[in-house]
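Given the coordinates of chain A, work out where chains Y and C should sit on it, guided by the hints.
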Amino acid sequence: MLSAARSLLFRLPAYEGPLDLLLQLIRKSKVDIYDIPIAEITRQYMATVELWQSMDLAVAGEYLVMAATLVEIKSRLLLPAPPPAEGDDTEEDPRAELVRRLVEYERYASVVDGLKGLESYRRDLYFRAAMEDPEAYLLPVPEAALDGRALLAALQRALEAAGVKDALVTAVVPRRRLSLRMKMAEVLRRLRSSAEGALFSDFFEVPCRRYEIVLLFLAVLELLRVGKVRAVQRNPLADIRLTAVQEAA
Amino acid sequence: MSQAAEVECLLFVAGEPLQLADLARAMQCDPMDVEEALRELQVELGARGSGLQVLAIAGGYQLATRTEYADTVARLAARSDSRLSRAALETLAVIAYRQPTTQPEIEAVRGVSVGGVLKTLQERRLIVDAGRKATMGRPILYVTTQEFLHYFGLKEIADLPPLDDADVSAIVGKVAASAQPAPRSGGADPQEPGTAPQDDAPIGEASS
Amino acid sequence: MSQAAEVECLLFVAGEPLQLADLARAMQCDPMDVEEALRELQVELGARGSGLQVLAIAGGYQLATRTEYADTVARLAARSDSRLSRAALETLAVIAYRQPTTQPEIEAVRGVSVGGVLKTLQERRLIVDAGRKATMGRPILYVTTQEFLHYFGLKEIADLPPLDDADVSAIVGKVAASAQPAPRSGGADPQEPGTAPQDDAPIGEASS
Numbered sequence: 001m002l003s004a005a006r007s008l009l010f011r012l013p014a015y016e017g018p019l020d021l022l023l024q025l026i027r028k029s030k031v032d033i034y035d036i037p038i039a040e041i042t043r044q045y046m047a048t049v050e051l052w053q054s055m056d057l058a059v060a061g062e063y064l065v066m067a068a069t070l071v072e073i074k075s076r077l078l079l080p081a082p083p084p085a086e087g088d089d090t091e092e093d094p095r096a097e098l099v100r101r102l103v104e105y106e107r108y109a110s111v112v113d114g115l116k117g118l119e120s121y122r123r124d125l126y127f128r129a130a131m132e133d134p135e136a137y138l139l140p141v142p143e144a145a146l147d148g149r150a151l152l153a154a155l156q157r158a159l160e161a162a163g164v165k166d167a168l169v170t171a172v173v174p175r176r177r178l179s180l181r182m183k184m185a186e187v188l189r190r191l192r193s194s195a196e197g198a199l200f201s202d203f204f205e206v207p208c209r210r211y212e213i214v215l216l217f218l219a220v221l222e223l224l225r226v227g228k229v230r231a232v233q234r235n236p237l238a239d240i241r242l243t244a245v246q247e248a249a
Numbered sequence: 250m251s252q253a254a255e256v257e258c259l260l261f262v263a264g265e266p267l268q269l270a271d272l273a274r275a276m277q278c279d280p281m282d283v284e285e286a287l288r289e290l291q292v293e294l295g296a297r298g299s300g301l302q303v304l305a306i307a308g309g310y311q312l313a314t315r316t317e318y319a320d321t322v323a324r325l326a327a328r329s330d331s332r333l334s335r336a337a338l339e340t341l342a343v344i345a346y347r348q349p350t351t352q353p354e355i356e357a358v359r360g361v362s363v364g365g366v367l368k369t370l371q372e373r374r375l376i377v378d379a380g381r382k383a384t385m386g387r388p389i390l391y392v393t394t395q396e397f398l399h400y401f402g403l404k405e406i407a408d409l410p411p412l413d414d415a416d417v418s419a420i421v422g423k424v425a426a427s428a429q430p431a432p433r434s435g436g437a438d439p440q441e442p443g444t445a446p447q448d449d450a451p452i453g454e455a456s457s
Numbered sequence: 458m459s460q461a462a463e464v465e466c467l468l469f470v471a472g473e474p475l476q477l478a479d480l481a482r483a484m485q486c487d488p489m490d491v492e493e494a495l496r497e498l499q500v501e502l503g504a505r506g507s508g509l510q511v512l513a514i515a516g517g518y519q520l521a522t523r524t525e526y527a528d529t530v531a532r533l534a535a536r537s538d539s540r541l542s543r544a545a546l547e548t549l550a551v552i553a554y555r556q557p558t559t560q561p562e563i564e565a566v567r568g569v570s571v572g573g574v575l576k577t578l579q580e581r582r583l584i585v586d587a588g589r590k591a592t593m594g595r596p597i598l599y600v601t602t603q604e605f606l607h608y609f610g611l612k613e614i615a616d617l618p619p620l621d622d623a624d625v626s627a628i629v630g631k632v633a634a635s636a637q638p639a640p641r642s643g644g645a646d647p648q649e650p651g652t653a654p655q656d657d658a659p660i661g662e663a664s665s
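Protein chains in written order, with the numbering used here: chain A, 1 to 249; chain Y, 250 to 457; chain C, 458 to 665.
Just so you know, these hints were derived from the structure itself, not from any lab. Don't take each hint at face value.
To be verified - From chain A, some residues computed to sit far from chain C (all C-beta separations above 10 Å): (1) Arg-27; (2) Val-65; (3) Ser-75; (4) Leu-78; (5) Asp-93; (6) Leu-155; (7) Glu-196; (8) Leu-199.
Said to hold, decoys possible - If we take Cβ atoms under 10 Å as the criterion, some of the chain A residues that face chain C in the derived model are: (9) Tyr-63; (10) Arg-128; (11) Ala-154.
Stated by the list, open to error - Using C-beta positions, here's what the derived DEER-type ranges look like: (12) Gln-233/A - Asp-330/Y: 46 to 54 Å; (13) Ala-587/C - Lys-404/Y: 39 to 47 Å; (14) Glu-135/A - Gln-603/C: 30 to 38 Å; (15) Ala-478/C - Gln-53/A: 56 to 64 Å; (16) Gln-603/C - Lys-404/Y: 34 to 42 Å; (17) Ala-407/Y - Glu-493/C: 43 to 51 Å; (18) Val-232/A - Gly-516/C: 35 to 43 Å; (19) Val-232/A - Ala-478/C: 28 to 36 Å; (20) Val-226/A - Val-500/C: 48 to 56 Å; (21) Glu-525/C - Lys-404/Y: 38 to 46 Å; (22) Glu-135/A - Glu-285/Y: 53 to 61 Å.
Glycine residues also receive a C-beta, built at the ideal position from the N, C-alpha and C atoms.
Bound conformation, chain A alone (with noise of 0.2 Å):
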């Protein structure tokens, strides 16, 4: 029972709505579509519907619908056939109208397969730029359909692609804040408010951007090139002890 309801859940997204559902009970009955038995496929509907409504899933109106279509067309035809229409040599299956709405769902649901299969083939080709935006399609703008809103909705897209872009987008600060000779004063004074001066690894506060080790790595190469700071490591890989020069009295 447990396993049943299971496999339900897990089937329940994959009905694309009441006529989905309908053609894949009658798929399943093996019946033929021109000729349903109504009443076994109206009970197998219900059931499911039921089975839903019994696990509290909010069943779509158009379930609700269908299944009152279902119970009327089986009470249409356990009435006694009305006296032929006069000029009507044709007697109307109270099926007809919903089997051909099936048919006709079924011709479009039919195709999609196909569609889904030019998506995949499509979606492994890249034109030119792809690296830049591979959802886009590529397709100039036509001008006659661009107005302010075109604008607006590209600047939300491209907002909301910044959004996700985090690191990216903070990476552009530091390109213009820090410079070298900030970097340089700023090692030099550290290095003198103490004797015996600091590790080199004292200098790099977790979390670090690139650009922050970068600067310091130069600042100190620079601080030793113009012989303002010494700097000793006891073995190899060791830390490197960094003091200031103390300046000629």
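For chains Y and C alone, kept in the frame of chain A given last:
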């Protein structure tokens, strides 16, 4: 200098589908010469085992990578998996084969409401609003776009896989001769997507 | 499948110079193999008289048209009906709502380099250079033009649809805050495109 190389340069720099007329103007030659040059280019690309190919897509011509190289390219240009849902594909199918068509008509075919799906498809520029139908309520008419063709790698609407028309009309005749108006050419024929909407012809009992 | 074709695909989709390391990663091979593949590709392109060539440029590699075809390409670029690409439209949108704004700010929003797009937009007279911002590097300030208004059928900039969606404003604020030297009111507010840029304040204790 060869015309094949010229056309290659143009397709390369454009990065979007170019029409024969655009190419002919830039190459200062006849559209037929352009077609010849396109064929030559395609042959040359194939002969030297190039990673590129010429595609006839969305009403024009465009250079694209071959599918064999999709994995390599994907490692460089990561894309999110934003394929269309089945609901979106079904809705698109109805629009593509019946265009121009309206929300009530689509809902009649699919048996579910499609407002949200239509909005998504419009945002992705796969369908577009093409005026209003001259029936009660004046519903918006939807048609597919060039982007739709591009999304599915089609040159034109006629390239869509055929909806099995003959079969269906035979079936329709059998089960519901009285329910279906005479098979019309407008909506169901994928060859003529541009056929003017026959106003207020009851399209497939949409209102039933 | 060949490595020359793989490298061709990658250079084709990139649209900007790619470094050996990028190519090697996507091709899952050694940088030396990439160099070999680049040489092969160059030879193949030459042998079949292709309009394209591999350029070693700006520390990377890029596909480009050969100079002989410059005139043909120029005639395409000059076509009167040439329309805006999606990249151009998004860039233009950022400029329209944030003007005056700079290339680094636009790139902060769009997450990609926009140098080529800015050039195109300037050539089409949709944006124009309006002086330089008084920040480090003194980047060029861009604003939209009369032609821009004409193109979009606007009477004035104030006719642009207001940016009132809370989500969008939040993102604008966030992006602006990170793109600006300090969280100031001026830059972060898209409603006040005319706010004068303030001077670069020295950073904290570094100014000894």
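Structure-based check of all given hints:
no. : hint                              : in the structure
1   : Arg-27                            : holds, 41 Å
2   : Val-65                            : holds, 36 Å
3   : Ser-75                            : holds, 52 Å
4   : Leu-78                            : holds, 56 Å
5   : Asp-93                            : holds, 53 Å
6   : Leu-155                           : violated, 4 Å
7   : Glu-196                           : holds, 21 Å
8   : Leu-199                           : holds, 20 Å
9   : Tyr-63                            : violated, 34 Å
10  : Arg-128                           : holds, 6 Å
11  : Ala-154                           : holds, 4 Å
12  : Gln-233/A - Asp-330/Y: 46 to 54 Å : holds, 50 Å
13  : Ala-587/C - Lys-404/Y: 39 to 47 Å : holds, 44 Å
14  : Glu-135/A - Gln-603/C: 30 to 38 Å : holds, 33 Å
15  : Ala-478/C - Gln-53/A: 56 to 64 Å  : holds, 59 Å
16  : Gln-603/C - Lys-404/Y: 34 to 42 Å : holds, 39 Å
17  : Ala-407/Y - Glu-493/C: 43 to 51 Å : holds, 45 Å
18  : Val-232/A - Gly-516/C: 35 to 43 Å : holds, 36 Å
19  : Val-232/A - Ala-478/C: 28 to 36 Å : holds, 35 Å
20  : Val-226/A - Val-500/C: 48 to 56 Å : holds, 50 Å
21  : Glu-525/C - Lys-404/Y: 38 to 46 Å : violated, 30 Å
22  : Glu-135/A - Glu-285/Y: 53 to 61 Å : violated, 34 Å
Figure legend: structure checked against the earlier numbered hints; hints not met, in rising order: 6, 9, 21, 22.
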